[in-house]
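J.: Sequence:
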Amino acid sequence: MPTKRLLRGVHNNIFLRNRFNRFNELKTKFFLFLILSIFINQSLFSQNIPDYKERSFASLTDSAMTQNYMVEATEGSINPNEYIVGPGDKLFISIIGVQDFSINLMINQEGFLFIPKVGGIDLRNTTLAASKEKIISLINKYYKNVDVFISLIDFRKIKVSLLGDVKKPSSYVLPGNSRLIDLITNSYGLSPTSNYRNIKVVSNDSTSKVYDFLKYLRFGDSNNDPMLREGDVVIVDKVDKVISIKGEVKYPGVYEFVRGESVSDFIKLAGGFLSKAKTDTIEVVKFDPEGKNQKSYYYTYNRLKDKNILLDNQDMVLVRQVPQYFIDRFVKIGGWVKYPGYYKIIEDKTTLEEVINEAGGFLKDASLVDASLYRNLGTVENDPEYDRLKEMQRKDMTDDEYDYFKAKSRQRKGKVVVDFVALFKNHDESENVVLKNGDVINVPEAKNYIIMLGQVINPGDIIYQKNLKVEDYIRIAGGYGWRAETGDVRVIRANSGEWVYANKVDQLYPGDAIWVPEEPPAPKFWDVFTTSLQIVGQLASIVAATVAVIIASRK
Numbered sequence: 001m002p003t004k005r006l007l008r009g010v011h012n013n014i015f016l017r018n019r020f021n022r023f024n025e026l027k028t029k030f031f032l033f034l035i036l037s038i039f040i041n042q043s044l045f046s047q048n049i050p051d052y053k054e055r056s057f058a059s060l061t062d063s064a065m066t067q068n069y070m071v072e073a074t075e076g077s078i079n080p081n082e083y084i085v086g087p088g089d090k091l092f093i094s095i096i097g098v099q100d101f102s103i104n105l106m107i108n109q110e111g112f113l114f115i116p117k118v119g120g121i122d123l124r125n126t127t128l129a130a131s132k133e134k135i136i137s138l139i140n141k142y143y144k145n146v147d148v149f150i151s152l153i154d155f156r157k158i159k160v161s162l163l164g165d166v167k168k169p170s171s172y173v174l175p176g177n178s179r180l181i182d183l184i185t186n187s188y189g190l191s192p193t194s195n196y197r198n199i200k201v202v203s204n205d206s207t208s209k210v211y212d213f214l215k216y217l218r219f220g221d222s223n224n225d226p227m228l229r230e231g232d233v234v235i236v237d238k239v240d241k242v243i244s245i246k247g248e249v250k251y252p253g254v255y256e257f258v259r260g261e262s263v264s265d266f267i268k269l270a271g272g273f274l275s276k277a278k279t280d281t282i283e284v285v286k287f288d289p290e291g292k293n294q295k296s297y298y299y300t301y302n303r304l305k306d307k308n309i310l311l312d313n314q315d316m317v318l319v320r321q322v323p324q325y326f327i328d329r330f331v332k333i334g335g336w337v338k339y340p341g342y343y344k345i346i347e348d349k350t351t352l353e354e355v356i357n358e359a360g361g362f363l364k365d366a367s368l369v370d371a372s373l374y375r376n377l378g379t380v381e382n383d384p385e386y387d388r389l390k391e392m393q394r395k396d397m398t399d400d401e402y403d404y405f406k407a408k409s410r411q412r413k414g415k416v417v418v419d420f421v422a423l424f425k426n427h428d429e430s431e432n433v434v435l436k437n438g439d440v441i442n443v444p445e446a447k448n449y450i451i452m453l454g455q456v457i458n459p460g461d462i463i464y465q466k467n468l469k470v471e472d473y474i475r476i477a478g479g480y481g482w483r484a485e486t487g488d489v490r491v492i493r494a495n496s497g498e499w500v501y502a503n504k505v506d507q508l509y510p511g512d513a514i515w516v517p518e519e520p521p522a523p524k525f526w527d528v529f530t531t532s533l534q535i536v537g538q539l540a541s542i543v544a545a546t547v548a549v550i551i552a553s554r555k
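Reminder that position 439 of the sequence shown reads as 439 in this note's numbering, one-by-one numbering, no gaps.
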C-alpha cells in the first residue's frame, strides 16, 4: 500500500512538472509572438504616418492641459467682418447729440438686443460689423443728428466639440473669439495618427467645411484657422492616404493626401525649392490603377503650374539637385608659410607649387623634410583584421600578425606621398601634384634636434650635429641607464616612423628619435622556486616509475 501511494505521488509530480513546463513554453511563445506582432504593426504602420515637424504640435497640447484647462484665447483683437455675435455678447452703445446716452447691453438667449427707448433688434447669425450697421440704422429712426458709437466689450462663452482621432474626444467651453488652434490647445491634444490636413468643422445649421490646419501652422494662413461658433463640431480624421516629397525642398517628408491638390501646390506646401534644386526635371512617381506597379513622369516646374497636375494617393514627388552647383573648392595650408589659411583652387588644374607660391612661400625655419599633404577621400576604411588584432595581446599574435599590426598602426591615413625637398629644392616636377578639394598641407617647423628616449641618464632633445653617430648622442645624454638593453637600441625615423636597429644606421637626420629599451625584469624568487619544485617533483616521479619497472622486470 505505501508503495502504491509513493508511486502515485511520483506520477503526480511528473505530471504536474510536465504541465508546468508546457505552460512556460506556451507563455514564452505567446510573449514572443506578441512582441513580434507589435513590432511588425508599428513598422508597417509607421510607413504611412506623416513625419513633418509641425506634427510635434500634438505633444505640446498635453503640457498646456496640465497647466490650465481653460486658457483664454490669445488673439487681442477680432475682425468685425468675421466675428458672429450671439447670446451673451456685451455691447457698449453711446449716443451723443441733443442728449448724451450711454449703456451696456447684452444679447439675449434668443439672439435679440433690446435698446431702451428704441426697441429690439434681431442679431442672429450676424457679424459684428453688420450688427453695428443695423443698430445705428435703428437708432437713427428715433434720434436725429446724433453720433452713435458701438463697441463689443465682452465675449460670450461658446460650447464646441472636438471629436474623431484625438486623444480624448470631448466638449469644451471657450471664449467667443476662439479659433481652431485655441480649441486644440485647450484640449487633450491630437493623436499621432491625426489628419492635420483634413479637419472638418460642422456648424449648427449642418453646413460643413474642411480645413488644412498645416497651412496655418506652417504659413500662418488664418483662412485655415477658422473662428468657431456656438455648437460647432470639429471632427479630426485618421491618416489613411498619404503623399510624399523628397529632395531639394525646404520641408521634405510624408504628408496627408488632400483631394484636388496639384503637384505645384504640394511643392509650395513643402516650402518651395532650395537654391540647388533642379527645377527642369521634376519626377512624379505614381501607381497604376491596380496599385501594383509604379511609373515615373517628368515635368518642368513651369509645365506643372500650367497643366495643374493633380496628385493621387501614394504619389511621390522627387526634386533632384543641380550637379556641381555651388561646390566649394578650397585647400588649407598650415604651419610655416608666410600666409597660412584657406586657398581657392581650380579643379584638376591647381598644383601644390602654385598654392605654396600663393601663400607667400616657406618661412626660414620651415621643414620641407617633414612637410605633408593629406587628402580626405570621403570614405571610411574598414579593416576587420586590424580591428581583431587590436583586441589581442602580443603573446597571442603570430609574428606575421604582429608585423601587420605594427605596420597598420604606423599608417598615416590620407597621406599623399610627396617629396617637398625634391619639388622645391631640386625642382622635380614629377612631385608637383594636382590638388583636390579639401586637401590639407602642413609645413612644420624644422626640428634641429635628436630626441632621446628610454634608458639614458638624461632623456630629452639634443641639438642635431650632422657628423655625430648614435653612440655619440647616447654619450651626450649621459650614457646608458643601469637597466638599459644596450644591444637592442633603435632609431625611429622622423619622416616615416620606421624603426631601425642602431647598428644599421649610418646617418641621423633632424627629428629622428633614439630609443634605448629597458631590460626585461628578472624572474621573481618565488616563481623560480615553485617552478624548480615542479621540475624536481616531475623528475622524482620519473625516477620512481623507472625503479618500479626495473624491480618488476627482475621478478
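Rather than coming from a laboratory, the hints here were simulated on the basis of the structure.
Computed from a prediction, not measured in an experiment: that's the story for all the values here.
Be aware that one or more of the hints could be misleading.
Here are the in silico distance ranges between beta carbons for each label pair [as the list claims (entries may be wrong)]:
#1 Thr279 with Pro169: 22 to 30 Å
#2 Glu82 with Lys241: 25 to 33 Å
#3 Thr486 with Gly361: 40 to 48 Å
#4 Asn495 with Leu274: 41 to 49 Å
#5 Glu385 with Asp280: 23 to 31 Å
#6 Lys159 with Arg320: 31 to 39 Å
#7 Lys305 with Asn145: 55 to 63 Å
#8 Val417 with Glu347: 35 to 43 Å
#9 Gly231 with Gly253: 33 to 41 Å
#10 Asp122 with Gly231: 15 to 23 Å
#11 Glu110 with Glu82: 21 to 29 Å
Note that CB positions come from ideal geometry on N, CA and C, so glycine has one too.
J.: Please flag the earlier hints that this structure goes against, numbers listed from lowest up.
T.: Hints 1, 5, 6 and 8 not satisfied by this model.
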